[in-house]
Amino acid sequence: MSTSSSRTLGLDRLSAGGAAVWGAIALLLLVALAVEPGLFVDQFVGGLVYGMTLVLIALGLSIILGLLGIVNFAHGALFMLGAYFTYQLMALWGLPFWVALVVAPLLVGLVGVLMERLVLQWLYDEPPLAGLLAAFGIALMIQEATRAIWGDTPLSVATPAVLAQSADLAVTTVARIRLFSVVVAALVVLGVYLLIERTDFGLSVRAGVQDREMAGFLGIDMPRRFVLMFFLGAVIAGIGGVLQGTAVGMSPTMGQQYIIITFVVVVVGGIGSLFGSVVAGLLIGEAVFLTPLVLRSLADVTGVGALAVPGIGGLVPYLVMILVLLVRPRGLYGQEGFME
Amino acid sequence: MPKITRRRALEGLGAAGIAGLAGCSSGPGGEGSGSGGTTTGSTGPMEITLGLFTPNSGAFAPWGPSLETGTRLAIQDLENELDVSVGLEVYDTKTDPSGALDAMKRAVTADGIDFAQGGINSSVCTKIGTWASDNNVSYIGQGASDSLRGEACQPFMYMVYQTNHMMATTIGREMADTTDNWYVLYADYVWGHNAEQVVTSAVEENGATVVGKDATPFPNDDYTQYINNVANSDADGVALLIPGPDASRAVKQMRNQGLTDITIGAQMLEDMVFWGLDHEAAAMVDIASMGWVNTIDGVGDFNDRVAEAGELDPFVRHAKSYTSADQHVRAAVRAGSTRAEDIREELEGHEVQSAAKDIHGGGEMYWRACDHELVSPVFSATAREASAMQDDPYKQWFDVTDTTPGDDVVRSCEETGCTL
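Protein chains in written order, with the UniProt record's numbering: chain D, 1 to 340; chain Y, 1 to 420.
Simulated from the structure, these hints should not be mistaken for laboratory data.
Beta carbons: idealized from backbone N, C-alpha and C, even for Gly.
It cannot be assumed that every hint is accurate.
[Unchecked claim] Residues from chain D that face chain Y, not an exhaustive set, calculated with beta carbons under 10 angstroms:
1. D42
2. G46
3. Y50
4. S156
5. A158
6. Q165
7. I177
8. E213
9. G216
10. A247
11. G249
12. M250
13. S251
14. P310
From just these sequences and the hints, can you work out the full model?
Laid out in C-alpha cells, this is it:
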C-alpha cells in the first residue's frame, strides 16, 4: 500500500514548500510535547480514539457513497437509530449490552434495506441531488418517528460494568468504553476491507460500480448486491450508534450533529475511498485534540497569549478540510472523475 | 426565508392594521391601542386570550410540553380564583427566531391574542419580545440572557427567569466556599462567555482560584479533550458552564474516564437534562445554581399536579410558565385591561403575593421597573446520593442547600444598560 499511497498523495513529489509545512507541524508538535508531555500523550490517545469513532461513522457513509453513488444524508439518522434501539433493548427490555451490540445494528440494517428498496433504488440513475434530497427527507422522517416513539428528552443507558471504568495505559487513562469502540472500529474496517478487496462478492460489487450494465450482462445480480451493500453500510452506522449511545447518551438530534463532521471526513479522505475515510478520520481526530494544545504551548513559549485561541477545537475539522481541498481538491485519496 | 419586499411589508402592515382595528372594536371598553389590548366591561368574566410560544420542535423541543403544562395549571387556578376566562393559543417557536417571529405576527394580527408568554432561548425571546413590544403587546419570556434585561430590554417585555448573572454569581460564590482550585469549562457562545466572566470574578473575589479554562463547542458530544485538560491541571473542582444535555454528557464522560473524585459545580442547571443519566453519574454533581427545584419547601401539591397533567416530571420550566401566566393575568385583572401600557403600570414594582410565590419557596419576588426582571431567589442545590434519588411518582434528584435572595445577586439598574 505504501508505494501506491505515497504516489496518490504525491509524497514522491514533495516540494520544498510541502516539506517546510510538514517540518513546521512536526516542530510545533515537539514544542507541545516538551511543554506538557503528560497532557500531550493524553490528547494524542484521545485524538486516536475520537478519530476511530469518526471512522466508524464515516465508513458506512463512504461505502454507500462510493459504491452506490448515493449521498446518504440519512446516515446520521441511522446512526441515531442504533443508539435508540440500544436504549429500547437495554433500558426498556432489560437485555444486556452485548445483545444490543449485535441486535441493534441488524435492526438498523433492516431499516436501511427498507430505505433502499422503497426509495433510493429508484434514484440510482438520477443526478446525485435527487438521492441527496430523498435521503434528507428520510432522515427527517426517522428523526420525527424517533421523537414520537422515545420522546425528545435526552436518554442514556448504563455502561456495562466491564466497560464502565477507565483503563490505565501507563502513560494515560482512557475510558474503557472508548477503547472498546476503537477495537470494534478497527475490526469493522478490517472486515470491510477484506469483504471488498478479497472476496468474489467484493470483486463483483466493484465491477458493478465501474459498469453496472456490463456486470449485469455477465450475469451478476447487481440489485441484490446493492441491497446487501446498503445493509452493510447501515449496520456499520448502527454499530457506531450503539457505541456512541452507550458512551455518551442519545438525543433525536445526535444524527444531525454527526452527519456534518462525517461528511467532512469523507470529503477530506476523498469521496468514495474507504482507505481515505480511515486516514481522514484519524487525521481530523488528532487535529481536533492536538491543535488547541499546540497553540496553548506556543502561547506559553512565546508569551503571546492571543495564540491560545479559545474554542478553536470546534473549527479544526473545517480548517483541515479547507487546507486539504486547497492542496488536493479531490481529497486525500479521491478518484479522478468520481462524482465530478 | 421569504424575501422582504415593499409589497410584502405593506401587506403585513395592512393586515396588522385591520387586526388592530378589530382588536380595538372587540373590547367592551373600546379603549384599545395598537394591536391587542382590551378593557373589561361591567358584566361577565373578563375574557383573555393568552398566546403561548413554546419550542415543540428544534433543539429545545424536549422543553416544549412543560411550558404548556405550567401555563394550563395557572389558568386553571386563575379561573377558579378570579372572575376571568382565559383562552390559550399555543404556537411552536421551532427554537428558531425567524419561525417564532412569524408565529408571533400570526398570533397578534390574525388570532388576536391579548398578550404573550414563553420562549426559552434568548435569541427567540429577543426577537418575539421586541416585535411584541413594538406592537404594544405585553410579553413575558423565559430567557436567562443578561442582554434581555440590558441593551435589548423593551418597554413591554418582561423576563421571569433569573438572569445568567444571578445564577453565575451564586454558583461562583458556592464554588469558592467548596474548594480552592477550579477549572472552568464554558460553552462557546454569548451565554457561556458571560457566565465564565461572572463566575471567574465571583470565585476570585471570594478567595479561590481559576487554574484553567476552556471554551467548548456547543452543542458538543465529545468532552474528552477538555476532561484531559482538567485531569492534567491542579484543579480540584470543575465548573460546567454548559447548558442543556451537554452538561450531562460531560458528567457521564468524566465518570467513564475515572474522574470521579473531583468536585463538580454546574451553572443554571435544569435537572430535567440529567434525568436521562443513570443515578450514579447524576449523583456526581456537587453544587449547582438553579432557577427552581421541585424539592423546594412550600411547593405544595404543584409537583403532583404537574406529574398528573404533563408528559414531563416537574422542573423549572413548569414553575416559570405557571408564574408567567399567573402574573400576566393578575396584572390584567387588576388593571381591568389587557393593554400593554396598563399591564406595565401594574407589573412595574409589583411584589408577587400569589401561589407563584409559594411554589418558589416564599422568598421575596418583585418586578423591577428599571429592566423588567422578576427579581426572585436563586437556589443552590446538590445531587442526592444515587440510592436516595426518587423516580416515582416523579423524579426528585436534587436537594436545595441554600437560597440566595434575588437582590443579593442581581445587577444594579445602572449596570444593566437598560434605559427603561
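Each hint tested on the structure:
The beta carbon of D/D42 comes within 4 angstroms of a beta carbon in chain Y, closer than 10 angstroms, and the hint placing it at the interface holds. The closest approach between the C-beta of D/G46 and any C-beta of chain Y is roughly 5 angstroms, which is under the 10 angstroms cut-off, so the hint is satisfied. Satisfaction of the interface hint for D/Y50 is found here, the shortest Cβ-Cβ separation to chain Y being roughly 6 angstroms, below the 10 angstroms cut-off. Nearest Cβ of chain Y to the Cβ of D/S156: about 5 angstroms, under the 10 angstroms cut. The hint holds.
A hinted interface residue such as D/A158 counts as satisfied when its beta carbon comes closer than 10 angstroms to some beta carbon of chain Y; here the least separation is about 5 angstroms, so the hint holds. Look at D/Q165: its Cβ gets to within about 6 angstroms of chain Y, closer than 10 angstroms, so that hint holds up. With a cut of 10 angstroms, the hint placing D/I177 at the interface with chain Y holds, because the nearest CB-to-CB distance is about 6 angstroms. For D/E213, the shortest C-beta to C-beta distance to chain Y is roughly 43 angstroms, which exceeds 10 angstroms, and the interface hint is violated.
Taking 10 angstroms as the C-beta cut-off, the interface hint given for D/G216 is violated, the closest approach to chain Y being about 42 angstroms. A least Cβ separation of about 6 angstroms between D/A247 and chain Y falls short of the 10 angstroms threshold, and the interface hint therefore holds. Taken as an interface hint, D/G249 checks out: its beta carbon lies about 6 angstroms from the nearest beta carbon of chain Y, inside 10 angstroms. Given the 10 angstroms rule on beta carbons, the hint for D/M250 holds: about 8 angstroms separates it from the nearest Cβ of chain Y.
For D/S251, the interface hint holds, since its Cβ comes within 10 angstroms of a Cβ in chain Y; the closest pair sits about 6 angstroms apart. With a cut of 10 angstroms, the hint placing D/P310 at the interface with chain Y holds, because the nearest CB-to-CB distance is about 4 angstroms.
Checked against the numbered hints above, the structure breaks hints 8 and 9 and satisfies the rest.
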